[in-house]
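Chemist: Assembling the complex is the task here: the two chains are given apart, and the hints tell you how they should meet.
Top line first, the protein sequences correspond to chains H and A. Take the first sequence: its letter number 45 is residue 45 in our numbering, and every next letter is one higher. Count along the second sequence from 1, add 1000, and you get the number used in our numbering.
FYI, nobody ran anything at the bench for these hints, they're computed from the structure. Just so we're clear, the structure is a prediction, and the values are computed from it rather than from any experiment. Any given hint could turn out to be false.
As the list claims (entries may be wrong) - Not the full set, but computed from the structure, chain H residues with beta-carbon under 8 Å of chain A: (1) F4; (2) F22; (3) V26; (4) D33; (5) G45; (6) V92; (7) F95; (8) R98; (9) F126.
Unchecked claim - Not the full set, but computed from the structure, chain A residues with beta-carbon under 10 Å of chain H: (10) R1091; (11) Q1095; (12) R1220; (13) A1399; (14) F1403; (15) G1444.
As the list claims (entries may be wrong) - Label-pair ranges, simulated between beta-carbon atoms: (16) H:L30 to A:A1080: 20 to 28 Å; (17) A:A1051 to H:A37: 25 to 33 Å; (18) H:G97 to A:R1020: 34 to 42 Å; (19) H:G78 to A:T1148: 36 to 44 Å; (20) A:G1253 to H:A37: 38 to 46 Å; (21) A:A1052 to H:A37: 51 to 59 Å; (22) H:N76 to A:A1030: 56 to 64 Å; (23) A:A1080 to H:A37: 24 to 32 Å; (24) A:V1088 to H:L30: 40 to 48 Å; (25) H:G97 to A:A1246: 40 to 48 Å; (26) A:T1148 to H:A37: 49 to 57 Å.
Heads up, the beta-carbon is just placed ideally off N, CA and C, and yes, glycines get one too.
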Amino acid sequence: MDGFVLTLWLVRLLFLALLYLFLFAVARVLLRDLRAASRGPVELGRLVVVASPRGEPVPGAIFPLDAVTNIGRDVNNGIVVDDPFASSEHAVLTFRGRAWYVEDLASTNGTFVNGIPVQGIAEMGFGDELQVGEVRLRLDRGRP
Amino acid sequence: MSIAAQARPFASARPRFRPRTRTTETGLLALVAVALVVGAASLGATQRVVAARTAGEALASLDFSPPDPTALAVYLGAVALVHVAFIVAGRRTDQVLLPAVAMLGGIGLLLMQRLPQDLVQQSFFGLVLDLGQLQLMWLLIAMVVIATLALAVRSDAWLRTYKYTWAAAGIGLLLLTFVFGSDVNGARLTLSIGPVSGQPSELLKVILVVFLAAYLSENRSLLAEESTRLGPLRLPPLPYLAPMGAMWAIALGIVVVQRDLGAALLFFAVFLALLYVATGRLSYVAGGLVLFLAGSFVLYHLFGHVAQRVDNWLDPWADPAGAGFQTVQALYAFARGGLLGVGLGAGLPTIGGHLPVPAVHTDYPLAALGEEMGLIGLLAVLGLYLVVVERGLRIASAAHDDFRSLLAAGLALVIGIQAFIIAAGNLKLIPLTGITLPFISYGGSSLLANAIVVGLLLALSDRGAGAPAPPRTRTGLLARLRGARS
Chain H
1 MDGFVLTLWL
11 VRLLFLALLY
21 LFLFAVARVL
31 LRDLRAASRG
41 PVELGRLVVV
51 ASPRGEPVPG
61 AIFPLDAVTN
71 IGRDVNNGIV
81 VDDPFASSEH
91 AVLTFRGRAW
101 YVEDLASTNG
111 TFVNGIPVQG
121 IAEMGFGDEL
131 QVGEVRLRLD
141 RGRP
Chain A
1001 MSIAAQARPF
1011 ASARPRFRPR
1021 TRTTETGLLA
1031 LVAVALVVGA
1041 ASLGATQRVV
1051 AARTAGEALA
1061 SLDFSPPDPT
1071 ALAVYLGAVA
1081 LVHVAFIVAG
1091 RRTDQVLLPA
1101 VAMLGGIGLL
1111 LMQRLPQDLV
1121 QQSFFGLVLD
1131 LGQLQLMWLL
1141 IAMVVIATLA
1151 LAVRSDAWLR
1161 TYKYTWAAAG
1171 IGLLLLTFVF
1181 GSDVNGARLT
1191 LSIGPVSGQP
1201 SELLKVILVV
1211 FLAAYLSENR
1221 SLLAEESTRL
1231 GPLRLPPLPY
1241 LAPMGAMWAI
1251 ALGIVVVQRD
1261 LGAALLFFAV
1271 FLALLYVATG
1281 RLSYVAGGLV
1291 LFLAGSFVLY
1301 HLFGHVAQRV
1311 DNWLDPWADP
1321 AGAGFQTVQA
1331 LYAFARGGLL
1341 GVGLGAGLPT
1351 IGGHLPVPAV
1361 HTDYPLAALG
1371 EEMGLIGLLA
1381 VLGLYLVVVE
1391 RGLRIASAAH
1401 DDFRSLLAAG
1411 LALVIGIQAF
1421 IIAAGNLKLI
1431 PLTGITLPFI
1441 SYGGSSLLAN
1451 AIVVGLLLAL
1461 SDRGAGAPAP
1471 PRTRTGLLAR
1481 LRGARS
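Extracted from the complex, chain A is given alone in its bound form (with noise of 0.2 Å):
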């Protein structure tokens, strides 16, 4: 008798839905609704405290309910849905993602909710909304690109066959942006076709990471050979190292072409940790940290926007008024909070009719969460963002191969490194590289990027439904090529 008679079959014919409990994340959904209610019924109640303090009246009773009752309620409420969504339709889903996900983002929604709410206003076929309104529909088109990616998303085929389209969808997306986009505080991120504008480098970072994760996990042992030496070092062969050497001329150009600093490291630490998580190789970390070290020096000294992000870094008090206030505030905001914070909702008095921070909204909502919830509440904030990365590297290391591994670490990295990123800009603890928070800041595009990642991401959790990869027989040039060295 041979081994194969005890071998299992792939299970077959089962119904397609078939509902399966999901008791982990109902309960830690029940605890993000508590918390954000409490959350939003001490914003209400400080809320009117300061507007009775500042009329000079007397409150006669404190009143709790939340700023705007409606929205906290369908926010939650979308939530619960593609819970009950994931229950019905009964795959084996990683159960802790979506809670932390929907406390990251009901954090968010409080704030747009407490900050001015004429800060931004779009109106839609005559409909005027306003900052906290805004946020809340970005929020619900999130929750239902999060549902469908992770229920839909049965195979991995289409992305990773199609690398190189998407790589070229993605050199396509930056160039549009370079010929056709429109300049927002100096630097060229948005791009409007019609009525709709985003902005591209948000979803550029999910293709990269698809591309990079296809590219690295086809030459993985081609990769970690040593085959060409160059003195003390050894390097793989040639041909591998061009992406590498590729991805660093992207990023320079990032930075020369649409002065965006953020995208420009985001993509190039992203590379390297997921070259380093590929091949396991040290060396390459620090070959690509003396590169970009040498980049940023060159960077420095030729163009006058890195010298002034760095310059400002060094030494806001330089120029408080001027360059450096939004750091000064900042910094001003984050003392202001202390250890347990002046409460949401009493932060952030306006100067002379202004914010203190223009771009709150965007670049700094930790600084009004480090006032308003102070150190211990911005600890548990990086926590949650810890938490989502510890799950995509779990659910990377679980997965069935190498792609979907490389491509579940990726993701993860994405967010964690995005929003170490901006904590550590804001915190002055490197420049400000203006990118968002994920799940937090304000944003469409943002927010959808974000969505897709935590969508593959529960996608990929699922190993049951996970159909067999395509078969990767290679009969073009490369592959004729490699045979006859090889």
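Extracted from the complex, chain H is given alone in its bound form (with noise of 0.2 Å):
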């Protein structure tokens, strides 16, 4: 009997083992993920072109975000919206803390979050839309 209590008592503790050996492998795979993420440069946020009735910037475009981006119809902005309805400085985009503003620069036609007019500044979610002139923009997640 001596024998197969201790066979038993092997057994027993080759399953606790085996349980760890599973958490072990998956805190391998957890901590090679987090690396992967830390690594490379980070990306803010990025807008990504949901309505472009002009076709200039292409809709379905993906713009990486700057801590600071300038949006207009002038060609020394970074995100450069063709559209008649846009002023040629039209709003600029900052990442400040923890959270992204957009700025209005007193462009003609106004600039909007999710339909409401921005006055002056107003924050930004990620998920939300930004309208300039008739381009629609949406605010996403960088790439982690």
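Modeler: Okay, here's the thing in structure tokens:
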């Protein structure tokens, strides 16, 4: 009987050891994933073109954003919106601390967030929609 | 040349199914299968040795075959099928969640096969199923739900657009339970419609997370604003505080009307956690905790069932044979388990033909696991929950937008907080509240609701296939009011 008890005890311990082996394997995967995420340049956010009646920028296009990005019709802007309803220097997107803000640069036709006109400066969350002229852009989180 | 020329358009016209290998998941699932087979072998052998010892016979040889080999094979086969379906569909979904959940479900299955099989018996069309078989059936259904949601959900528009519909459905479910529900152990939890009966509060927690994620992601900036001053406190605009008050009232209502302390605690904790994730302001959490303490104090003095739970927690030995019986027996079970446990199948001696802990399969599975797998095994189980929560928060941090981010965080936290509440209750760290241990406890509603949570998390983890969010242009009364305000 003693041999049986010993074998049984070993199998019991083997089960517990296998549980920890599984946890160890998972922890390795998680660590690798976190390391990969922390490497590489940090993308603060991106603008995705949702609608653009005149095709410039192309609908579906993705613009990675810097901490300060200018939007307007002028070619010197970070994002050029070639739309007759957009001013040459229309709006500026800034990342401060932990949130995005959009500031209307006294444009003729205004800047809208989710259809609401921006008075001065407004906070933007990820998933919110920005309208400049007739072009609609969605603010998305950057690739991790 | 403008920057737009460099921009990447969406990948277009690719085949719907393009198989993609998932080596991480395959490896982890192989480990799960090996661990569960060894666990089942240990359980089978121990049960035979224990049976021989009680009968006073000597065993000729040690037989390591599992107690119910077909059930284990069917379960592992179902998990493998889900895995193959993921490979064939080729979505880039998370590869750790399925193995972690499969391990938890497998441990639950072993536990249910080990407990007395006549604890629960149900007959379906003349076919009588007992505890282990019922748990297997629900686990299979849960796997189907996980696979379906993870593969079919490609857009979250149906969740975020109809948030008030979801909230109304949830409150309707609550009212239905209140009116038509039946009482079990003094709590009105179970709703029976025809032959189907279930616990709506399990489903309600998923609906709550969906609603909160949609509401908070839309009003995040307004909630973070500080425009109302109340003495030293700075609060957000008052109308946006209303849902917080409503949530508190609903949680208290569940305690008073349904007598379901566990669900109330879970809902309120998830609400506070999501509020913190959305706004990043500790003052809300502090305010919520003050409200919670005030509410608990009043409830303790007004309602007997709350007072009884708390008194049981403070001193179960005041009435060890009556009200404190389960708590005391669970503590004895943990003590018997010690560091390494007595081994699967060797614990839980019956007292006079009865189980020492009557609700061991629903409320106290952790006590049984603690006795048979010891502290080491218990920590491994808690580690598995930690893995699920970590994956959920990781999915949240990688999500495209605020709604998905809050949804993923909320879904993961629901599982984590529920596991914490019941584990702490079992260990007498907090008063015991009757909720299930996710994926391990016996119960169809619980397994289904948690399967929905995991399926949604898997669907959310795929960044590649996410359809663009719908435009959220507000044209209603609220928008006009807000436009005028700003």
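Chemist: Now tell me if each hint is right for this structure.
Modeler: Right, here's what the structure says about each hint:
1. Taken as an interface hint, F4 (chain H) checks out: its beta carbon lies about 5 Å from the nearest beta carbon of chain A, inside 8 Å.
2. A distance limit of 8 Å between C-beta atoms decides the matter here; for F22 (chain H) the minimum to chain A is near 5 Å, and the interface restraint holds.
3. Because the beta carbon of V26 (chain H) sits about 5 Å from the nearest beta carbon in chain A, less than 8 Å, this interface hint is met.
4. Checking D33 (chain H) against chain A by beta carbon gives a least distance of about 7 Å; that is within 8 Å, so the hint holds.
5. Violation of the interface hint for G45 (chain H) is found here, the shortest Cβ-Cβ separation to chain A being roughly 10 Å, above the 8 Å cut-off.
6. For V92 (chain H), the interface hint is violated, the least distance from its beta-carbon to any beta-carbon of chain A being 15 Å, above 8 Å.
7. Look at F95 (chain H): its Cβ only gets to about 15 Å from chain A, farther than 8 Å, so that hint breaks.
8. Of the supplied interface hints, the one on R98 (chain H) holds, with its beta-carbon coming within about 7 Å of a beta-carbon of chain A, less than 8 Å.
9. Evaluation of the F126 (chain H) hint against chain A yields a held restraint, the C-beta minimum of about 4 Å falling below 8 Å.
10. For R1091 (chain A), the suggested interface contact is broken, since its CB lies about 17 Å from the closest CB of chain H, more than 10 Å.
11. The interface hint given for Q1095 (chain A) holds, since its Cβ lies 7 Å from the closest Cβ of chain H, which is under the 10 Å cut-off.
12. A least Cβ separation of about 5 Å between R1220 (chain A) and chain H falls short of the 10 Å threshold, and the interface hint therefore holds.
13. At its closest, the beta carbon of A1399 (chain A) sits 7 Å from a beta carbon of chain H; the interface hint therefore holds under the 10 Å criterion.
14. Against a cut-off of 10 Å between C-beta atoms, the interface hint on F1403 (chain A) holds, since the closest Cβ of chain H lies about 6 Å away.
15. A hinted interface residue such as G1444 (chain A) counts as satisfied when its beta carbon comes closer than 10 Å to some beta carbon of chain H; here the least separation is about 26 Å, so the hint is violated.
16. Distance hint for L30 (chain H) and A1080 (chain A): a CB-CB separation of about 23 Å, consistent with the stated range 20 to 28 Å.
17. Range check, A1051 (chain A) to A37 (chain H): about 52 Å between beta-carbon atoms, so the 25 to 33 Å window is missed.
18. At roughly 38 Å, the beta-carbon separation of G97 (chain H) and R1020 (chain A) lies within the given 34 to 42 Å, and the hint holds.
19. The hinted window of 36 to 44 Å between G78 (chain H) and T1148 (chain A) holds, with their beta carbons roughly 43 Å apart.
20. At roughly 42 Å, the beta carbons of G1253 (chain A) and A37 (chain H) sit within the given window of 38 to 46 Å.
21. At about 54 Å, the beta-carbon gap between A1052 (chain A) and A37 (chain H) stays in the expected band of 51 to 59 Å.
22. N76 (chain H) and A1030 (chain A) have their C-beta atoms about 57 Å apart, which keeps the hinted 56 to 64 Å range intact.
23. For the pair A1080 (chain A) and A37 (chain H), the beta carbons lie near 29 Å from each other, so the given range of 24 to 32 Å is met.
24. The hinted range of 40 to 48 Å is not satisfied by V1088 (chain A) and L30 (chain H), whose Cβ atoms lie roughly 26 Å apart.
25. The hint said 40 to 48 Å for the Cβ distance between G97 (chain H) and A1246 (chain A), and at roughly 30 Å that hint is violated.
26. The supplied range of 49 to 57 Å is broken by T1148 (chain A) and A37 (chain H), whose beta-carbon atoms lie about 29 Å from each other.
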